[in-house]
Amino acid sequence: MEEKKTATLNSKTRTTYALILIPIGIAINVIAGLIAGQLKLPIFMDSIGTIVIAAITGPIVGGVTGLLTNVVLGLIHGDVLGMAFGLCNMASGLIVGYMAMKGKFKNWIHIVIATILVTLANSLIAAPLVVFLYGGVSGAGVDLLVAGFLAAGNDIFSSAFVARLPVNLVDKGIAVIIAFLILKKLPTNMKNLIPPAKRKE
Amino acid sequence: MLSIHEKNSFLKRLYPMTKIWASLGFIIGIFTFSNYYISSFIFVLALLVILKEKMLKEFKVLLIAAILLGISLFLIQGILSPANQTVVWNIIPGTGFTLYKEGLTTAADVYCRIVPLIAVLFLAIRTLNMTELGVALNKAGVSYRASFVLTSTFQIIPVLNKEMHQVMNAQKSRGLDTEGNLLNRMKAFIPIMVPLISNSIMKVQNQVVALESKGFNSNAKKTFYRDPLKTRVDSIIVACTTLFALSGVAYRVYLLVM
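Those protein sequences? They're chains A and B, same order as listed. Each residue of the first sequence is one higher than the one before, counting from 445 in our numbering. Each residue of the second sequence is one higher than the one before, counting from 279 in our numbering.
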């Protein structure tokens, strides 16, 4: 049934869906960051939108959403160096979108795998960026952990990487879980806009 | 949070793409030169322009953030960098609280790249009108679908922000606890987020119909409502920043070869 419904969408209409979903994903990311700020939570929460959109529309649209989120955040705050971290957000979108495309974003085991993969990718990409752009210090709460690992005798790159693991695990873990909860509540015809030819159920 | 300045100032009148190319030129130039004098000159220049444009009030937030970043950068690199050898200043004698020369040099190198960029890019971006940027991108050859994504993002954010306040107030009136300890606040995040996101995704279908009925996918030539003009000043600024970036790259190559 669901198969038929999405199959009737022609490719142009599907592009229009994607073009509207990308701004919504970005806006969700920005607003989630605002809410986290208002509730005074010590996490960024800037990838929920990316993960929801990636799970609905697949890796390409998800990746674009992630990359553009940081561009938009940079434009809003006037902080352009932060745009480089769009690569991390893009990795989250690509990973979750790819899992969703293969039909591997359906139960709690998939959620755990997605969280671990996203955390690893984010820390691995963020560490060299932070070291190159900011000398290892990003002006956020993670710095205290980085300082701790540096004091324990690690070099700056591995400190920046290891310190990001626990922070990202909490941050991305919550993002993936919320995205999963929302996905379950969406009506069936909105759940999956990935082209049926590429989808494996 | 994303106020659009409709003041008629010099920066405001510049063509949107000029600002983008100039920012790119400054990024390449400052990173390749990494010179204290050039960086501080650019920073002072940008600060003067900010003063003249009366944008100091908004810039203050970024300035404080930059100072905080500087303090943590110099302390962490100066005390803990693995390359540290030469003692500069033992702050508290008899403890490990010592500043070293190597770490401080690394920190200064990084900081002299970040600070002028923050000022220059702040200027370029805060005077940018997103709708005009969309038009300019479209004229420069970016597809109208891509520029639609950019402009509509900046229209959706304020709308979603308003909806967020509605959802938050509604949930509070139902007894949601948004204050107190960390766990309470963490739990409050989900009942705010879930209705917000599912609402906006359910509306997508209506938006698709609206766009289709207005001929979004038609192949006819599209016209613009806002039409920014390119002047001679724009070409001069682009040429200057390109020259700056190129000389920076040449300087780096010269250093590598010698």
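Hints may be right or wrong, so weigh each one.
What the hints assert, rightly or not - Pairs of lysine-lysine residues, derived as DSS-like cross-links and limited to a Cα-Cα distance of at most 30 Å, are as follows:
1. A:LYS456 <-> B:LYS492
2. B:LYS465 <-> A:LYS550
3. A:LYS456 <-> B:LYS338
4. B:LYS481 <-> A:LYS546
5. B:LYS335 <-> A:LYS484
6. B:LYS338 <-> A:LYS484
7. A:LYS456 <-> B:LYS465
8. A:LYS629 <-> B:LYS450
9. B:LYS481 <-> A:LYS548
10. A:LYS629 <-> B:LYS481
11. B:LYS500 <-> A:LYS629
12. B:LYS499 <-> A:LYS628
13. B:LYS450 <-> A:LYS484
14. B:LYS417 <-> A:LYS629
15. B:LYS465 <-> A:LYS548
16. B:LYS332 <-> A:LYS628
17. A:LYS550 <-> B:LYS332
18. B:LYS492 <-> A:LYS484
19. A:LYS628 <-> B:LYS465
20. B:LYS450 <-> A:LYS456
21. A:LYS628 <-> B:LYS338
22. B:LYS417 <-> A:LYS456
Just so you know, the hints here were simulated from the structure itself, not pulled from any lab data.
Item to check | Violated hints, by number in ascending order, as checked against the structure | outcome: Going through the list in order, the structure violates hints 3, 7, 11, 12, 14, 16, 17, 18, 20 and 21 and respects the others.
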